[in-house]
Amino acid sequence: MFNFSSVVRFSNIHLPFVVKVPLGAGTFPCAGRSVLGVVLVMSRRDAAVCREGIRRSWGGAAPNNVIIRFVIGNASKAEGKLAAKDDALLDVEQQKYGDLIRYDLEDSYRNLYQKIFVAFEWQMHFCPNSEFVMKTDDDTVVDLARWKFWVDEKFRKQAEGRAAFFGYVMAGTGPIREVNSKWYVSEKHFPGKLYPDYIQGGTYFGTAQAVRAVMAQTSEVTAFNIEDALYTGILAERVKPPVARFQSGRAHFRADQKIVPQNEQCEKGVPFIFAAYSGLLTPRFKSVEDYKRAYKQIHTAKCKSSAANETKTDTN
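The sequence shown begins at 28 in our numbering and counts up by one.
Worth flagging that the hints you see were computed from the coordinates, not collected in a lab. One or more hints might be untrue.
Using 20 Å as the maximum straight-line C-alpha spacing, the simulated SDA-like pairs for lysine to any residue come out as follows [as the list claims (entries may be wrong)]:
1. Lys313 / Gly87
2. Lys331 / Pro269
3. Lys104 / Leu132
4. Lys112 / Lys123
5. Lys181 / Lys108
6. Lys123 / Ala111
7. Lys47 / Val206
8. Lys108 / Asp118
9. Lys47 / Val119
10. Lys112 / Ser135
11. Lys295 / Val119
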């Protein structure tokens, strides 16, 4: 192991952090190769079952030019002895798989913006040649072979070499001012009534240029806990010209509609859907088998018409 040190920098925050980096072939996983995408999975310390479920379902089916890493922070002081036990288990997990990005800032929902910063900083340092960067959560399923098909078919052409984000665009939404809400944002942290258009945070991806562009703006912006609005909205809007945000929701990123396995929207015989969170597939994931079933539900989805099924393209 060696320590990679950096700082979470916003106008109101200056937090040094350290990432424990395993030595070996996985230290710089993108070196000397062409990499389509880095998938950064925001994961909880105690979610070993989720990580294993991903490795043995959609993560294990990823194309060879896609890198997957799980981002995990430190325990809170209140966790006490449980934190030491979790750390020992995470050490074993890292030795076995080498796919964890472990950093030493407290992991919590309100600190999620720090987690995203660490993840993007890791990508820029350890995998800078990746063409795309995806952010997702450990309760989400992504068919990465199908995502690759749509990158080749559509998303790369839309980006046209620009800084761009793709996902479920949230337009015309504003901060919640109810102090007891999980999503409360004070006027001090964001005084405006509406956020710039941003990408819903369950799963989204962007060009590497987009990640570099928004990260270059952080020191000029006040950090707060609504990380998707912060990174893909406020920071993206500050870039000159602003980072493009392409609406790909409902079709490709399922956030609020059930998957209909035999009746999905398609083009060229390939279903649009490639990402969905657990609530649309199954009750919250509790086992590796839950991930396998959910991934199969997306991966084997059929097109609306039988004619489209007959000409379905192989995305593997």
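Subject >> List of violated hint numbers, smallest to largest >> reply: 2, 5, 7 and 11
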